[in-house]
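Residue numbers (numbering that gives the first Met the number 0), protein chains in the order written: chain V, 0 to 296; chain H, 0 to 268; chain U, 0 to 423.
Wrong hints could be hidden among the right ones.
[Stated by the list, open to error] Partial list, derived from the structure: chain H residues whose beta carbon lies under 8 Å from chain V:
#1 L23
#2 A29
#3 F31
#4 L92
#5 E113
#6 M137
#7 M140
#8 L171
#9 G225
#10 S237
#11 A245
#12 L248
#13 V259
The set of hints was computed from the structure by calculation and includes no laboratory data. Here a beta-carbon is modelled for each residue, glycine too, at the ideal position from N, C-alpha and C.
Chain by chain, the residues:
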Amino acid sequence: MSRHVNIERRRQAIYGWLLLSPAAVLLSLFAFYPSAATFWSSLFSRGTRRNPSEFIGTENYADLFADPTFWLVTKNNLFYAGITIPVSIIIALAMALWANSKLPARGFLRTAYFTPTVLPMIAAANLWLFFYTPGLGVLDQIGALFGLPSVNWLGQPETALWAIIIVTIWKEAGFFMIFYLAALQTIPEDLKEAADIEGASRWTYTRRIVLPLLMPTTLFIMVNAMINSVKLIDHLFILTKGGPSDASKLILYYIWEMAFAFFDRPHAAAMTMLVLGVLCVVAAIQFFYLDRRTHYQ
Amino acid sequence: MSGLARYIEGAGAFLLAIIWISPLVFAFWAAFHTTSDAVNFNLAAPWTMDNFRTAWAGAPWLRYFLNTFLLVTIVLIGQFILTTLAGFAFAKLDFPGKNIVFILVLMQLFILPEVLIVENYAMISRLGLFDTILGVGMPYMASAFGIFLMRQAFKSVPIELHEAARIEGCGLLGIIWRVYVPLAKPTYLAYALISVSTHWNNFLWPLIVTNSPDTRPLTVGLSIFGAPENGVDISVISAATMMTVAPLLLAFLLFQRQFVQAFLRAGIK
Amino acid sequence: MRHFTRLTTTLSLSTALVASAATMAAAETELTMYYPIAVGGALTDVVDGIVADFEAENPDIKVNAIYSGNYDDTRVRALSALNSGEPAQLAVMFSIDAYDLIEQDLIAPFDDLVEGEDGEAWLNGFYPALMANGQIEGQTWGIPFQRSTIVAYYNKDMFREAGLDPEAPPSTWDEMVEMGKALTKDGTSGLMIPSTGYPYWMFQALAIQNGKELMSGDGLTTYFDDPAVVDTLEFWKSLSTEHGIMPEGTVEWGTLRQAFLEGQTAMMWHSTGNLTAVKDAASFDFGVAELPANERKGSPTGGGNFYIFKDTSDEERAAALKLIRFMTAPEQAAEWSIATGYMGVSPAAYETEALMAYTEEFPPALVARNQLESAVAEFSTFETARVREGLNNAIQSALTGAKEPAEALAEAQTAAERLLQPYQ
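Isolated chain V (complex conformation):
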C-alpha cells in the first residue's frame, strides 16, 4: 500500500515537472535570466572605441543618483502614479455603478465607457493629439467659444504631464470598470431588498454594503493600476516624447531612450534594477499583506 502511494507520489512529481517545464523554460529565458543579466551588466561601464568595458561596481548607480534628469523622471513617475491610480479607480467605480444601475440606455453607457480599452495606446495618442494641438485642436476650439486663450497643452511643462495622465485615465478606467461590474453581479439581490426593507437610502446601501464587498476587487485593481503606472508609456512616443524639457518623461521611457537612443546599456540596466526593486516591494506587499484572503487562494 505504502509502496503504491510512493509510486503515485513519484508519478505526480514527474508529471508535475514535465507539465511545468515549457512554462519554466520560457519564464527563465524571459524573466529570471534577464533579471540576473541586467544586474550583472549594471556593474560594468559602457565600452567605446577609446575605453573598453570594465567592472566598475556601483558607479552606474552613483551616476544615476547624481543625474538630475533621473530624479525629475522619478518624480514625474510618482506623480503620474499618484494621480492615475486613485482617479482611474474612482471613475471606474462610478462607471460600474452606473452601468449596473437602472439608468436608461445603460448599454450605451457601458459601451462608451469601455471602448477606449480596446484601442491601442498608440491610436489613442493619435486621437488625443488632435485634442491637444494648440490653435487647431479640439480643446482650443472649445475654449475659444468661451473666449479662453489658446493653451499649448503638450508644450508647457505645467500641463504636459497632465495631458499624459488624462489619456492614461481615459484608457484604463473602462478596463477597471469591467472588474467592478463582474464583482457587482456577484452581490446577491436579497441584500438590496433587505436594505430597501430597512429603509436604507441608496447611498447608505452603496457605502455600507457594496463598497466593503468590492474591497478585494479594489485591491486587485490597485495593483494593476500600479503596474500600469510603470508600463503605460506608449502615448509618450506620439504626444510629447518626454518633453518639454523632460517635464513628461516617465521612467520606462527614459530606460528605452537610454538603451536604444543613447546606446548606454549599463545605465539603462541600473535603472531597470531600481524599477525591479520597487516592483518587488509592491509584489511583497501584495502577496504577504493584502492578498491573504483574496484572489489567488
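Place chains H and U on chain V using the hints.
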C-alpha cells in the same frame, strides 16, 4: 428630492459617457473630411474618402494587419498550451517544490517584460529571433496571469470527473484535453479576449524587436506612419488610426455582450 | 509583396543573363538599406522607384530598402539590426550622427572605397557645405542625400493685407520683428519658429546669425554659456514675451506646417524638406526666403547622409557604393529634390533639365541652395544625442519660462562638459 438626485446622476453618467467617446467620434468625423475642414470644425463640410486613400497608399497596411493577426494567434496558441499545462500541474498535482515554483511564477506578474526590454532584446537576438513574429510573441507566452486563471478554473473541477476519465483509460494529457479544457471554456474565452486585445495593442516591445515591414505589427506601423520628419496631416492620421482600430472595435461592438459575459463567467474579479 | 515580385523579376532577369552569357557569374549581392523619410507616406514610393531603377541597371544587386520612420527611429532600427546580427550594409541617417557612429566603430570611411581620380572627382562634386558634417579626422564618412537648410516660409496674402511688400520678406532681425508686429492679429501670429522636435537646429540658426557658433569644429567643445549664445536665446524668447509676435510656450514642429497652411501664422521657419508639401497644399500665395541676418546671414545644414557599415564584405561595400553613387547622381538628386524640396546635393543636379525646368517655373526651390553660401555644418559633437538633448531642454525651459536663458544654458553647458570629458 431623490428624483432630482437621480436626474443629476443620470446626467452625470451621460456626460461622462460622451466625454469618453468623444475623441473617437471626433477622429472618425475628421477622417472623412479634408484637413482644412477638420481643423476648422466645418460641420457642414462634404464627406470624403480621400484621407483613407492617402493613408492606405502610404504604408503596407495589409501586411501590418497580417502581422498583427499572426502575432496574436501565435501568442494565444502558445499561451493556451503553456498555461493549461502549468495551470493543471499547480491545481491538481502534488510534488515537491511546487509552492516555491508557484511563488516564482507569481514574481513574474511583477517582473514585467516591458521593464526587461534591454536584456530580452539581447536574448531574442541570441536565439536568432530578432525581427521575427515569433520573437515578438515569445516573451509573453509563459504568462503568469494565465497560469493563475487556469489554476483557478481547474481547481473547481470535481475530482470524480477526473477519476471517471482515468478509469476509461485516458492518459493524463487526454484527461486534461477531454475533461478540464471543455469545463474551463469561459475562462479560456475571457483570457483569449484579454490576450488578443493586449497583444493587438502592444507597442514598445514590438517596436524594439521588429525591423522591417514584414514583421511590423499595426501599432508600430501606425506610429511610424504618423511620425514623418516634417509634420503630420491630422485627417490622414485619423484615417489611418480608424483603419487600424476598426477590426477590434467592430468585433467588440458586435460581441460586447459575450465579451462582458465571458469576464463575468470566468469569475475574474 | 512588392519586394517579393521585384525579387522574382530580378531573379528571372539574372537567370536570363546567366543563360545568355555563360561567362557571367551569377553571384548576387544583397543589400539592406534603412532610411527615414521627410514627409511620410507616398515618398517611400519615390525611393522604391529609384531603387527599382537601380536594380534594373544592376541585376546582380538586390536592395531591400526599409523605411523606418524619422531619423532617430532609423538610427535605432539600423543599429538594432547590426547588434542582433541582422544584415545592414548601408543606411541614411542623420548627418550629425557621424561622431557617434565612428566612436562606436560602426561605419567605414569612403576614402578607402572610392578609387582614383574618378572617385576623387565624385567626392568633390558635392556642395562642400553639405560634406562638412561627414568629414571628420581627415576622412569622409557620410555622403549627402536628403539635405536641407532652414528657410523662412511666408504668406504673401497676409503681407499684402498688412500693407507690406510681398516681394520683400524680412532680411534682418529688426525687420522681422517689425513686420511680425504688423502681421500679428487676433488668431494669427506673425512668426512661428518650432521648438519641439529639433529646437537645437533652429537655435543654431539664430546663434549663427548672432555671430556665434555652438560648438567647435572637432566636436569636443560646446559654447552654450557664451554671452552671444545666451543673448540669442533671450532674443528667441523675447519674440513672444516682449514683441508678442509668436505664441508663448513651445511651438510644435510636427503640426507647424498645418498651422501655416491654415493661416495661423504669417511666417514660419522650417526645413526646406517641407517645400513640396507646402506647395501642394497651400491655398494662398506664399513665398520662401533666406533666413534674416543679425550679425551675419546663415543657417545650419540639416538632414541625412548615406553611411556604409563597417561590418560588410568587399562585394557588399562595392555594391553599396554603386547604389549610393546612383542615388546621388544628378538625375536622381533632381528627382528627389523635386519630390521633396530637399536640395540637389551637387551643382550638377541643378544643371539637369528636370531641375532647371522646375526651378524656372518655381523659383523658391532655389532658395535653400542659394543659402548654402552662408550655411554652416549642423550642430554635432561626440555623445551628440545626449548633448543635443541637454541643449533642447535648455531651450524649451527658457521658452516656457521655467528657467532664465542664462541659467538653462549654463546647466546644458555643464552637462555637455561632463559628457564630453572622456573624449578630451
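How the hints compare with the structure:
1. Because the beta carbon of L23 of chain H sits about 6 Å from the nearest beta carbon in chain V, less than 8 Å, this interface hint is met.
2. For A29 of chain H, the interface hint holds, the least distance from its beta-carbon to any beta-carbon of chain V being 7 Å, beneath 8 Å.
3. Checking F31 of chain H against chain V: minimum C-beta separation of about 14 Å lies over 8 Å; hint violated.
4. Evaluation of the L92 of chain H hint against chain V yields a held restraint, the C-beta minimum of about 4 Å falling below 8 Å.
5. Because the closest C-beta pair between E113 of chain H and chain V is about 4 Å apart, less than 8 Å, the hint holds.
6. About 7 Å separates the beta-carbon of M137 of chain H from the nearest beta-carbon of chain V, less than 8 Å, and the hint is met.
7. About 6 Å separates the beta-carbon of M140 of chain H from the nearest beta-carbon of chain V, less than 8 Å, and the hint is met.
8. With a cut of 8 Å, the hint placing L171 of chain H at the interface with chain V holds, because the nearest CB-to-CB distance is about 6 Å.
9. For G225 of chain H, the interface hint holds, the least distance from its beta-carbon to any beta-carbon of chain V being 6 Å, beneath 8 Å.
10. About 7 Å separates the beta-carbon of S237 of chain H from the nearest beta-carbon of chain V, less than 8 Å, and the hint is met.
11. Annotation: A245 of chain H was flagged as interfacial toward chain V, and the flag is violated, the nearest CB pair being 10 Å apart, outside 8 Å.
12. This hint holds: L248 of chain H has a C-beta 6 Å from the nearest C-beta of chain V, less than the 8 Å allowed.
13. Taken as an interface hint, V259 of chain H checks out: its beta carbon lies about 7 Å from the nearest beta carbon of chain V, inside 8 Å.
Checked against the numbered hints given earlier, this structure breaks hints 3 and 11; the rest are met.
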